[in-house]
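Enquirer: One letter stands for each residue in the lines below.
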Amino acid sequence: MASEDEEFTTLFQDFYPNLCRFLECLLGGRSALAQDLAQESFLQLHRTAWSTLPAGEARFWLYRVARNFAINEFRKGQTRYRLFDRVVESMRPRSRNPEAEYETQERKQMLLEMLQILPDDQRAALLLREQEQLSYREIAHVLDVSESKVKVDIFRARTALRNHWNKRMRGYSAKAH
Amino acid sequence: MTCDKTEKVSLMIDGELPVSERQTTQQHLIECAECQQAWEDFLGLRSQMVAYRAQLEPSAAGLALAKIISQQPPEYPTAPAITANRRTQFSSRFSFASFNPRLAAVAALLVIALTIGGIAFLRQRSPADLSSNNTAPPEKQESSRPDNSSSLNIPSDLTAQAKPKSTKNGPIEGRRPRSIDKRGSKPRERSAPTWQPRPQPGPPPTYAVVEEDLVSPGRYGDGEILTARHLQQSEVLLRAFRNIRVDRAGSAPEISYERRRARQLLYRNIHLRREADHSGDVQVASLLEALEPILLDIANLGDRPEGDEVRAIRDRVERKNLVPLLQVNSTAVARAYE
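Chains as they are written, first to last, in our numbering: chain A, 117 to 293; chain B, 33 to 370.
You may find that some hints are simply not true.
Once the Cα atoms are required to be at most 16 Å apart in a straight line, the calculated EDC-like pairs of lysine to aspartate or glutamate come out as [stated by the list, open to error]: (1) B:Lys-99 to A:Asp-152; (2) B:Lys-352 to B:Glu-321; (3) B:Lys-37 to B:Glu-48; (4) A:Lys-265 to A:Asp-237; (5) B:Lys-37 to B:Glu-66; (6) A:Lys-267 to B:Glu-48; (7) B:Lys-352 to B:Asp-329; (8) B:Lys-37 to B:Asp-73; (9) B:Lys-99 to A:Asp-121; (10) B:Lys-352 to B:Glu-324; (11) A:Lys-283 to B:Asp-73; (12) A:Lys-265 to B:Glu-39; (13) A:Lys-267 to A:Asp-237; (14) B:Lys-99 to A:Glu-122; (15) A:Lys-265 to A:Asp-236; (16) B:Lys-352 to B:Glu-267; (17) A:Lys-267 to A:Asp-236; (18) B:Lys-99 to A:Glu-156; (19) A:Lys-283 to A:Glu-229; (20) B:Lys-37 to B:Glu-63; (21) A:Lys-265 to B:Glu-48; (22) B:Lys-37 to B:Glu-53; (23) A:Lys-267 to B:Asp-46; (24) A:Lys-267 to B:Glu-39; (25) A:Lys-192 to A:Asp-236; (26) B:Lys-37 to B:Glu-72.
Output of the computed footprint for chain B on chain A, the stretches with three or more beta carbons under 8 Å from beta carbons of chain B [claimed, not checked]: (27) 149 to 159; (28) 162 to 173; (29) 222 to 233; (30) 243 to 253; (31) 262 to 271; (32) 275 to 284.
A short, non-exhaustive set of chain A residues, derived as facing chain B with CB atoms under 10 Å [as the list claims (entries may be wrong)]: (33) Phe-124; (34) Leu-127; (35) Phe-128; (36) Arg-137; (37) Phe-138; (38) Leu-139; (39) Gly-145.
Everything labelled a hint here was simulated from the structure, so no lab data went into it.
C-beta atoms are modelled at their ideal positions from N, C-alpha and C, and glycine is treated no differently.
Please model the entire structure based on the sequences and the hints provided.
Expert: This is the structure:
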């Protein structure tokens with residue numbers, strides 16, 4: 117039993133930050149909610165499937181369950197930007213380099229806004245490809261869709277983001293003139 | 033106007049373009065400014081997404097982990113003969129099943145009615161007191177007619193064995209859930225669960241057993257096939273690791289792929305070793321036991337490890353003679369399965 121806990125701890129340490137990142141990008145930056153859902157995913161894994169999943173499958177299981185939780189949040193239609201998020205933000209220690217941090221935050225915010233223009237399927241597929249470096253086959257396995265759909269979704273997501281970005285840049289340059 | 037080959041550029045940067053098309057696409061990239069721009073834009077987008085870091089609260093994560101591990105999963109009966117895959121599918125269905133309150137209420141009422149009916153039937157134990165349309169509540173059945181006055185013909189074998197009556201839909205008691213589609217699709221209908229459902233939110237995590245990325249057959253991971261593949265893939269990894277060149281400065285090249293692969297194989301190794309221990313396959317269990325610390329050490333190396341670290345692991349692999357052992361055993365296991 118102790119070794120199972122150690123394995124689980126290793127899995128948690130390896131994938132918890134990535135799962136939080138995936139959920140944050142899916143949810144448009146709601147970090148507290150993302151961490152809640154990530155923790156819930158690990159909890160479900162530990163309770164129900166940990167002892168029976170084939171080795172190596174846990175990661176895919178986690179992403180699948182996390183994504184389903186995120187979809188539930190969308191369907192509820194709740195904009196759960198909790199008070200806790202704001203409190204945490206206000207109490208966060210200030211960086212020694214506020215300019216760099218501001219730029220990082222700006223870039224993150226821009227990315228999150230761009231990702232929100234995508235349909236859920238495309239967003240999830242693109243995140244799993246770019247951030248988690250899963251193959252198309254693995255993404256299809258996580259999302260329970262065909263590989264062809266994954267291929268098309270990722271291409272359409274990239275094209276949409278590219279077009280959105282170009283429009284925005286044209287808008288900025290038009291204003292400048 | 034977008035070039036129609038832009039999709040192939042997208043596949044190429046993911047390494048998913050078929051080999052037969054790579055050369056023509058590379059040639060096209062040289063000639064097409066539109067696709068060159070797409071290439072740069074897609075890679076730029078990738079770097080933005082990879083650079084994104086979640087805002088984590090480390091203390092919250094640590095507390096969550098402690099809480100998860102300290103919780104014991106609820107007990108529920110499991111049959112030893114059920115394979116891990118089917119057990120997983122059962123637990124996923126009945127723990128995460130999409131909860132339909134009406135269906136659950138109907139199922140619960142049915143169980144209660146059958147239980148009461150069964151108890152009343154067993155108490156009477158007389159053919160004259162039984163009715164073929166036994167929908168009367170238990171109270172009425174207790175004040176039923178005497179044994180020898182019955183207008184109904186009840187087969188004696190039924191009463192003698194005190195079996196529950198069959199309905200036109202088939203016997204209710206003892207009905208098992210429908211055979212589960214191994215792809216994990218949700219059931220349209222099911223009988224009352226045989227264990228208490230967990231009060232958990234969220235959808236059912238439907239999934240199938242992982243498909244191996246190198247060898248295609250064996251959809252549901254037969255133990256021997258999985259073991260043979262695992263040994264083969266471990267052999268490939270150790271060979272690749274053996275061929276890593278340490279430069280004169282004493283450091284090794286970037287080995288993130290080998291580390292990631294070792295981590296994946298490590299999880300599977302732990303699982304297969306337990307299976308081999310459980311089934312009494314001493315030879316495979318001891319080989320996996322010898323392999324495990326090697327995979328662990330490779331997984332724990334830094335991205336650019338020191339040459340000494342790499343050499344130390346290589347020496348251990350050579351001393352244990354692991355590569356030939358893995359090669360021989362993967363072939364033997366695969367042949368034994370055939």
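Enquirer: For every hint, state whether the structure bears it out.
Expert: Comparing the hints with the structure gives:
| no. | hint | verdict |
| --- | --- | --- |
| 1 | B:Lys-99 to A:Asp-152 | holds (13 Å) |
| 2 | B:Lys-352 to B:Glu-321 | holds (11 Å) |
| 3 | B:Lys-37 to B:Glu-48 | holds (14 Å) |
| 4 | A:Lys-265 to A:Asp-237 | holds (9 Å) |
| 5 | B:Lys-37 to B:Glu-66 | holds (10 Å) |
| 6 | A:Lys-267 to B:Glu-48 | holds (9 Å) |
| 7 | B:Lys-352 to B:Asp-329 | holds (15 Å) |
| 8 | B:Lys-37 to B:Asp-73 | holds (15 Å) |
| 9 | B:Lys-99 to A:Asp-121 | holds (12 Å) |
| 10 | B:Lys-352 to B:Glu-324 | holds (12 Å) |
| 11 | A:Lys-283 to B:Asp-73 | holds (14 Å) |
| 12 | A:Lys-265 to B:Glu-39 | holds (13 Å) |
| 13 | A:Lys-267 to A:Asp-237 | holds (11 Å) |
| 14 | B:Lys-99 to A:Glu-122 | holds (14 Å) |
| 15 | A:Lys-265 to A:Asp-236 | holds (13 Å) |
| 16 | B:Lys-352 to B:Glu-267 | holds (13 Å) |
| 17 | A:Lys-267 to A:Asp-236 | holds (15 Å) |
| 18 | B:Lys-99 to A:Glu-156 | holds (11 Å) |
| 19 | A:Lys-283 to A:Glu-229 | holds (14 Å) |
| 20 | B:Lys-37 to B:Glu-63 | holds (12 Å) |
| 21 | A:Lys-265 to B:Glu-48 | holds (14 Å) |
| 22 | B:Lys-37 to B:Glu-53 | holds (11 Å) |
| 23 | A:Lys-267 to B:Asp-46 | holds (10 Å) |
| 24 | A:Lys-267 to B:Glu-39 | holds (9 Å) |
| 25 | A:Lys-192 to A:Asp-236 | holds (14 Å) |
| 26 | B:Lys-37 to B:Glu-72 | holds (15 Å) |
| 27 | 149 to 159 | holds (count 6) |
| 28 | 162 to 173 | holds (count 10) |
| 29 | 222 to 233 | holds (count 3) |
| 30 | 243 to 253 | holds (count 7) |
| 31 | 262 to 271 | holds (count 3) |
| 32 | 275 to 284 | holds (count 4) |
| 33 | Phe-124 | holds (6 Å) |
| 34 | Leu-127 | holds (8 Å) |
| 35 | Phe-128 | holds (5 Å) |
| 36 | Arg-137 | holds (4 Å) |
| 37 | Phe-138 | holds (8 Å) |
| 38 | Leu-139 | holds (8 Å) |
| 39 | Gly-145 | holds (9 Å) |
The earlier numbered hints are all upheld by this structure, with none contradicted.
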